[in-house]
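S.K.: Listed below, chain by chain, are the residues.
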Amino acid sequence: MTTTPAPSAPGTPAPDAPVLEAVDVTKHFTVRSAVGTRSVVRAVEGATLSLPRGRVVALVGESGSGKTTLARLLAGFYAPTSGEIRLEGVPVRQRRGRVERGHHRDVQLVFQDPFGSLNPLHRVRHNIERPLRLHHGVRGKAELDRRVRELLERVALTPVEQFVDKFPHELSGGQRQRVVIARALAVEPKVLLGDEPISMLDVSIRLEMLNLLDRLRTEDGLALLYITHDIASARYLCDDIVVMYAGEMVEGGPKEHVIADPQHPYTRLLVESSPDPGRGARDREALFDADADSLGEPPSLIDPPAGCRFHPRCPFAMDVCRTQAPERINLGDGRWARCWLHQEGRAGELARPGAGVEPVAPGALAEPAAAPTATRTTQETQ
Amino acid sequence: MSAVRRDLLRGWKVRAGLSVLAFFVLLALFGPWLTASVPGLDPRANDLTAIGLPPSAEHWLGTTQFGQDVLAQTIEGTRGSLFVGFLSAVIGTALAILVGLPAGYFGGRTDSWLNFLSNLFIVMPVLPLILIVAGYMQGTGLWVIALIIGFFGWSGGARTIRAQAMSVSNRDFVLAMRTLGEPHHRLLFHEVLPHLTGWIAAMFLQGVIGGVMAEAGLAFLGISDSGAISWGTMIQAAQQQSAVLRGMWWWFVPPGLCIALVATAATLVNFGVDELSNPKLRTVRRSVVRRTRDRAGSAGSAGSADRAGSTDRADGVVGQSPVGSDA
Amino acid sequence: MVTQIVRDADRTGTGRTGINLTGARSVSGDVLEVTGLGVEYVTDGDPVRACAEVTFTLRRGEILGVAGESGSGKSTLITALTRLQRPPAVTTAGSIVFHPRDGGPAVDLVAASPKELRALRWTSLSIVLQSAMDALNPVMRLGAQFADALRTHDRSLSRDAAWARAAELLATVGISGDRVRSYPHELSGGMRQRASIALALACRPELVVMDEPTTAVDVVMQRQILAQVLRLRRELGFAVVFVTHDLSLLLELADRIAIMYAGRVVELGTADEIYDDPRHPYTRGLRDSFPPLRAPLRRLTGIPGTPPDLRRPPSGCPFHPRCALRFEGCDTHLPELVDAGGHAVACRLYDAADGGMADVGLPARTADGTEGRAERRIEDGIERRAEHRTEGGAR
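Chains as they are written, first to last, in the working numbering: chain B, 172 to 553; chain Y, 4 to 330; chain X, 182 to 576.
One chain only, chain B, in its complex shape (with noise of 0.2 Å):
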C-alpha cells in the first residue's frame, strides 16, 4: 500500500488552491461568573489556517490552546469575533448564529469522544442513513441499503450485517469511531476535522484509525484537519503540522522540519516533553532533569500575558517579547515563526538541543539500533 503522502517538497506551492481556510480569525466568549462580572475569553486570537485538498494539516496544542475552538470556527458552530472562514474562497456566511446546510455539505466534523458523539438511543443505520436522505435526498430502501453497506465496508465496519442494526452501547470504541466517520462521508464533504479523534481510543487500534483517515485522504482527496495533542501520531498522519499556543499559532511548516528543528521555543520544549520510547530507555535522566520540575503552565485565555503569550515561560524572553506580540515570520520552505528571536536576529540559539533531544536532519533520519521489525513496509516520508 502505497498512500503515504507525495513528500511536501519544501518551496512548491500547495497543489491547488485551499478548501476551507481561516483568515485571521479570531473568537471571544463572553462568560459571566456566578456573581455576574462577565469577562471574555480570548479563545483563539488572529488564526490562519488553509486546508488544501489531499492534504493532512495537524494543529497540535496542549488542551485550552484553541484548537478546538478553531476546529468549531471551521465547521461553522459559530461565527467568528472577526476574521473570515472561506470555503473555496468563498466566505461563509452566518445566520443568526448558523451556517447554512450547504457549509454542512463541505465541512464536516469528527469529535473526540466516539461514547459520546453517537446517540445512543439510535442503530447505527440511523446515523448513516440520515445525512443520505438529507444531502443526497436518497430515499428507498433498496438505494438506502446499498449506499449504508458501501459506507460501512469503506470505514472496515465488515462483515456490514454485522454492524449495521446494532446500537453504539454493543461496540467497542474503534467501531464507534468508525461509525463517526462514515457518517461524517456519507454527507460527501470536502473536508474532515478531526477533533482528536483517536485519543479516546485504546492505544493498539489508534493507528488502524490513522491509517482509514489516511486512506480517505488518498482515495477521495479530502483535506483533513488532524488536531491532536499527541506530536508523534501528528507526524505520522500528516504533512503539515501547525502548532498553537494559548490561543495564538505560533510556528507551522512542513512536519519534519517543525519537529527535528522547532523554530519557535514552545514547539522545542512541547517536542521535549513528548514521549519517546527511541529516545526513552537510554537516557532518561537527562530528559528529566531538574530544570523539567518547573516548566510552567499556560496562561489564563481570560487575562492573557501582554506581548507574546508564551513570554512568561520562555528561557529567551526579551523586553520586547513582554510588550509586543511578534509578527508571522516566513523562515523559507513553507515554514513559518511567530517569535522575535527570528526579528532580532537570534534564531540560531533555538538549535542549541534542548535535554535529551538531538535535533536530526530530516534528510539523515537513521535507522536506531533498537528498530523494530517488519522493514518490508517501510516507507519513509522525505
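Just so you know, these hints were derived from the structure itself, not from any lab.
Among the hints, erroneous ones may be present.
[Unchecked claim] Derived SDA-like pairs: lysine to any residue, alpha-carbon spacing no greater than 25 Å straight-line: (1) B:Lys337 - X:Gly226; (2) B:Lys312 - Y:Asp175; (3) B:Lys337 - X:Ala476; (4) B:Lys361 - B:Arg304.
Every value quoted in this text rests on a predicted model; they were computed, and no experiment measured them.
Use these hints to put chains Y and X onto chain B, whose structure you have.
M.R.: For chains Y and X alone, coordinates are given in the frame of chain B:
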C-alpha cells in the same frame, strides 16, 4: 429498548407499583359496570333502611350516613379520582415539555422568556388562584378540576425538563447531528426528547399523585362537582357528616387508603425508573456477592487443574476460604 | 473515603484468619509480593473475572509500570492492591503481602483487618488517582487536608507545625508554600495533580500506587510531574506502581514493566527488555502502536481486532483472536506466566510443552535454536499480517 423494558420490570418495586396501578386502572375502567351488574350496589342509591351501617355481609364496606354503599362509592370514586389524576398529569407534563424543552434546547433569549414564564407560575399563589378560578367555573365537571390542576402544576416540571434538555443538547451527538445539517425539529424530537423519557415518566407519575391528592384536597375545601363521585368527595362528605366523631371509620378509610396506595405505587415505579437511569442506585444483593465468593473458591481449583504449577496455590486458597464472614 | 474503606474491609476482612506468614518472609529487598491475585465483579449472571492469577513482586524503591488497555484489569488491580475496592468487585484469590521497611512483620493486605489497613494507609501505602479532584476535598483548604493526614498519623504534631509541614510538602512539588491557604479549585489541573502527589507522600509511604496520574494533564505538565516523581523517589526512596495505558511513557519512566491483557499479566520485564525484546505478540504490537517521534516513519498497523469483552472472555489464550502468531491449541490452552531469567512471558511460543521453546527453564538468550524458532514465527507472522493488511487496505 426491549432490554430497558426488561431491566425495568426486573425490580420488585416496579412490579409491585405497576400491579397496584394496573389494578386501580382496571377498577376505574370496569368497576362501574361491575357495580351496576350487581344489584344493590348503586353508588348513588340511598337505602334508607341501611344508614351508617358498619361493614357486613350485605354491605362489605358498610354504608354512609345517606345509606349509600361505601364499596360502590369507592369503586365509582376510583374512576373520578384517577380521571382527574391522569388528565391533570397529562396536561401538566405536556405543558412542562412544551415550555421546558425549547427553553433548554435553544437557550439564549428563548430560554429567558420561557424561564420567566415558568418562574412566574412557580411564585404564583396557586391555591388561592385555583379557588378563584374554580369558584368562577362553579358546578362544572371533574375535567375542569383536572384542567385547573394541570394548568397550575407544570412549572416545576418545566424547570426540570429545561435543565435536562440543556445538558442533553450540549452533548456531542446533538452537535454532531447538527453538523450533519439536521433541522431543529428533528434534533428536538429525535435526538433530545427521547433522552428525557425517564424524567418525563417520573414527572408524569408525580403528576398523577399530585392530581389525585389535589383533587381530594379541593373536594375537601368544597370545590368539586356536586354530582360526581371521587375519593375526594367521599372524604369531604364523611367530614361534613362528622364521620370521625361518630366512629364511622368505614366511610373515610377506604378512599383514604386508596389515595395512599396509588401514591405509594406511583412512587415505587418512580424508584425503578430512577434506578434505571442511575445504575449506582442499584444495590448489589448480598446473596449474590456471597455466591460469587463461594463459587470462586471452588472454581479456582477446578480451573487450574489442567495447569500444572498453580494447583498448589489454588488449593491453598480453597482451603482457607477467601470468603469473609459477612457482618 | 475512609468510611468506604472500612466498609469494604468489614465485608471481606473480619472473621477471617490471615495467611500464616511467619515462614514466608521474603528477601528484605521486596516491598510488595502479589501472588495469584484474582478479582471478580459480581453480576446477576456469571461473575466477571477482571484480574486473574496476577503475580509479581515490587522491589524497594522501584518503579513498576503496569500497562494495559481498557478491560485489561489494570484499574481493578489498583483498587485490589490498595484495598479500596467495594462490591461488586470481590477479591477471590491470592495474597498481597506487604513488607514494612522497619523490618516489622509482613502483612497480607487481603486478610488485614480494617484497623491494620488504617495503620498502613498514608504511612506505608498511598495512592494517587487519575483525577486529583477525587483525592482532594473541594471544600477544605489544601493545608487543612495535609494537616489532617499528617496529624492522624502523628498525634504529637501541633496544628501549626502540620501547616508548616504542608507548605514544605507543596514546595517539594513546585507549588509555592503560600498556596496552603488555597482551595483545590483555585489551582490549575496540573497543580492539583501535583498537590495530590504531595499529599500522597505526606507521611513518607514506602509504596505509592499511581493510577494514570498524568492522563488528564498536558504533555509538558506530564513531563514536570514525572520529573518530580523521579526526583522525590531519589530523595525518599519509595516504590511506585504506575498504571497507565501509555506504554511509551512507561518505557521512559519505569524500571520494570508488566503488560496486562484481559486481566492477566502477559509479560513482565525491564523497560529495556520490553522495548528491545518484547516476547509476547501483544507486547510487540503494543510497542509498535506508538508512532516514533524521530525514528524513520514506516507504516504501522497497531493490533487488529478489539480488546476482549471480559464478560465473554475468549477461550484459551485471551489474545488469540487478535494474534497473528497463533497456532494450534492457542484457542484451548491458557499459557502460564513463565519466568525466564527475570523476563517473564505468558505465551505458548515460549512454552516447551506446547510446542514452543524446548526448555523454558533456560534463559531465553541462551536457548538459541529454540528462541530462533519463536523469533522466526514472530517475523513470519508480522509479515503475514502486514501483507494481509495491505491487501485489505488496497481494496
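S.K.: With a cut-off of 25 Å on the C-alpha distance, tell me whether lysine 361 of chain B and arginine 304 of chain B pass.
M.R.: Since the Cα atoms of lysine 361 of chain B and arginine 304 of chain B sit roughly 18 Å apart, the hinted pair holds (cutoff 25 Å).
S.K.: Does lysine 337 of chain B pair with glycine 226 of chain X here, judged by a C-alpha cut-off of 25 Å?
M.R.: Holds, at about 23 Å.
S.K.: Run the distance test for lysine 312 of chain B versus aspartate 175 of chain Y: straight-line Cα separation, threshold 25 Å.
M.R.: Measuring from Cα to Cα gives roughly 28 Å; hence the hint is violated.
S.K.: Assess, step by step, whether the Cα of lysine 337 of chain B is no farther than 25 Å from the Cα of alanine 476 of chain X, and give holds or violated.
M.R.: violated, 41 Å
When each numbered hint is compared with the structure, violations occur for hints 2 and 3.
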